[in-house]
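J.: Residue numbers (the numbering used here), protein chains in the order written: chain A, 12 to 226; chain B, 44 to 513.
By construction, these hints were calculated from the structure, which means they are not laboratory data.
All C-beta atoms in this analysis are idealised placements derived from N, C-alpha and C, irrespective of residue type, glycine included.
If you anchor each label on the Cβ, the simulated ranges turn out as follows:
#	chain 1	residue 1	chain 2	residue 2	range
1	B	S451	A	E160	20 to 30 angstroms
2	A	Y158	B	D147	45 to 55 angstroms
3	B	A220	A	T96	53 to 63 angstroms
4	B	P502	A	N202	31 to 41 angstroms
5	B	L182	A	G137	42 to 52 angstroms
Read off the chains here:
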Amino acid sequence: MNKLRIPFITDELSKGTTEKNDKPLKGIKILDVGYGGGIVSEPLARLGAIVTGIDPSQALIDIADTHKDLDPELDDNKPTYIATTVEEHITKYKSYYDALIASEVIDHIINPEFFVKSCIQAVKPGGKIFFTAPNRTWVSRFCLIFYLENVCNMVPKGTHHYENFVTPEELSLILEKYNCRVDAVQGFFYNFLNNIWFRVTTLQFMYGLRATKNI
Amino acid sequence: MLFWKYSRRLLVLNTHQVSKNIGTRSLSTVEDGKYKGNYDIIIAGGGMVGCTLACAILKNSLLSNLKVLLLESSPDKKFELKPEYSNRVVALNQNTKVLMNSLDIWRHVEQMRLQPVRYMQVWDACSDAMISFSSAENLDDDVAYIVENDVLLHAVNTELNTSENKSLNIVYGSRIAEYQLPSSGEMKPNSTVKLSNGDTYSCQLLIGADGANSAVRRAMGVQYLSWSYEQMGVVATLYLAEECENTTAWQRWLPTGPIAILPLDSQRSSLVWSNWEDNAKKLLKLPEEQFVDELNDALWKQYPRSRSVETCTAWMTSCLQRAGLPDGAARQLPPSIRSIAPSSRAAFPLGFGHSTRYIAPGVALIGDAAHRVHPLAGQGVNLGFGDVKVLTELLADTVYSGLDITHSSWLEKYESLRQRHNVPTQLAIEALHRLYTLDLPPLVLLRSLGVQITNAIHPIKKMIMSQAAV
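The following block holds chain B by itself, in its conformation from the complex:
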């Protein structure tokens, strides 16, 4: 209800822009059926990816004169950094860091907090196979960075507000009533966005950054391939039993789904535990102490193993040893969990989604609106930032060529470049998920040997790391 109350209120940032666009009209009143102006670009959705795109457009000298409107459905909240960590975190790869650095966002993240991951260990509960990624193999660059969603979003917003821009307008608490997209035959595509309070905006280029349930995508009428994993990700903030440097990310493949422990600081880690829906609901209802027991079990418990798989992996280990390759026998032990931060437990549904088209005349989708993946590889948001980077570059190229910002040549290039990267990544994640939710001995054997070989042969591992880093 509170949400509704807020959403009826129109909050507009950047007072200069207000006076330019809607004249002397009062800010807080809701006027029905008002046409509020034409923009070059409207970004629907002010999440991490949408805001970053707005920032990237403003920071690009070729694009900074475009008039941009950012529509965000939630109200403009005051952010304050609490000592308690939020339970929703993302793992950012190097490429995202480079993008954030180029947009001056990273320094705000660093001023707040982040935790670098220097070592990552992924191992199988049904066999001895394990794979590790360490910064030593990567020119001593960190493997990833764990940042809270709130912190990252606030960092982007801080940068948006500090940079001197006269061409960006943000409307918080905007509920979209309707999108009217141009038909394909029109010479000048023009989209209309109608808010539920009657305000109407029009634009040349509409960007859908409105998440997995994208309304822009629905308005485009494109085919959307999706399924639910019938799994939920249980998240929580954990206190470790012992204080340590804590720059290792842990992931163990259980037959019920992967459990990941991501470092936050020397005492705390964040949990992402993918589990079947009914299990996840049970876990949420357990008393906190019992939940911690279950958690430690999930990290430490010996699962029943097939003898033949054991024999084969042991044989493979000895082969690798003889060849002088890393055999994966030297492994680090995961931490024990002491307790969880009070009421930090939550769960969210997991699903797969792929939009067969990312574009329509005058419209483009970015981030989760175009693709959704299982969090097992921590890739979801990084794919979205990759979209931002490519889209901004192509758009700048187009402007420099004096073409329309809705010209089909760059939109098509955007779509093919991104699908060429995103779809294989999505399929690889999907394959991993399928392979690891089974515990049939032949499949366990197959994946164990595969993991051992991948871990031993550096070029293959490097290929995986570079695919995950773009």
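One chain only, chain A, in its complex shape:
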């Protein structure tokens, strides 16, 4: 998945630089909401971004912290992990970040509108917001809940709740309601046979959404 979503983020944030280099995100402050084990935070830090990862779970921080020490390349630019929620975090860091990433988070949130609103508050005016999430369709229900949880057992049962899934239209509506402009929506699909993610035009399964906070 990273092979798709990191360029999805990087291509946008490194706009304006003429040549591709190995630190395209140098100096950009990114908030990674629900960083998991640092799956997105670490690659972004490797690309030069100043990453802060937040997640309510304290146990995750220990895992992520040990993992980030494994890579010598991250030595001078380690992501910071904090055990907190966005709602709490924005009390200190309001309009602070250049970009915010919530990768596969919104599908676990009971009140997405409140969550998205807090996310927007963390970003500077003109900053970018990235969401990746499964759509609420029978395709994602079949693939994510039935296939991955019940057939493959790749993901623990009960990880996903179909009712919490958000469609890109709903997400766009919320974003626009709180003074954001949705720039692009991109579909992602997964080949279960050879474990490769690829970009598609259909939004039936997973999608990535990119928005800008209006000034």
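Assemble the complex: chain A is given as a structure, and chain B must be docked to it using the hints.
T.: Relative to the frame of chain A, chain B by itself:
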């Protein structure tokens, strides 16, 4: 012995890097058991393919900050362009030229010397069948370029030394004592390279570019499918009887193996004569004049032909004529050889090799370390440069995605992309070799008709050319 003497000496290029990596330690002393630092990438083997990879990594804006170490076993020799041609040459295809051009290496080759091949004729000694490839069929692009191995290697090294790079380190005369590769379970693969003088280096990604007898491949413990052809390639620099434009490559299939005459300049050509081992050894011992006689015989002699094959190919020729397709009857005559350059004769063994895996966690093989072929199609080194191109592109993609340079997804993609190209090419070359070392009439007939049809039908020919050009 001289080699040993040199190999004990550690020569490090790029003084800036030296001071950065090993501090103020003196260069020429050998300190036992020293840990000399960690690199992102270690390239084992500084041959044509290994050096080109180093150059390709440095020139890629995404990869230029990676710390690279190139280990080369031979000492750092001063290269000078002699008026005499070297007897070891390679035929480079268009794709290799494009790669070399993009790395700014080609201009150095052009400044030294190369010979374009505009026309190539391949014909059978046991029948009238022949096939030709000409630049006219290829948008007037040259069919291939003949470049001496030394010249190409020097061109790559020149580019490596001129480009401003702070992240490449080259150790010449390094004899490898041991490779310690990471086990598959490790989260962070890290390989260790131990030199025979005790110096140790570690790296994330180890690239084996150390030739057909690759020690990296042995350390990987992968299955290696190989056999010897029991043939040797006899090489020499030839003087032509008559001066001519000389942009044609000639290859005649003899029952003992193919003989190829590759153009060098208006008077000289290079010989690659594949022959059975005992024949090849005899050829090397012959006095030079007698060798030239044998050579002209090999190019001109009429071999006994089967009547039925003759009839069938003549019938095919007339069929093709009636259909208005090229019938292959209009052929050029090969040159006569006047003499050979003194003491330019040599021979090297020929073999087939295929590594079933090109990769292991944190390790990848490129060039002859992964695949070895018969020189009959002049493809060996081009396959290696193809590896370089694909590997650099995938690695750059990976870095841009913020992934580890040892991430398995790109390594696996590298392996499957390259095997998908290399293995069919190797098998085709193998099939040609088998088909042409026999002179049973039915097989001669089969291959003659096949060659005639291929030569006549442009799309098939184009397919062959494009497979050989990638």
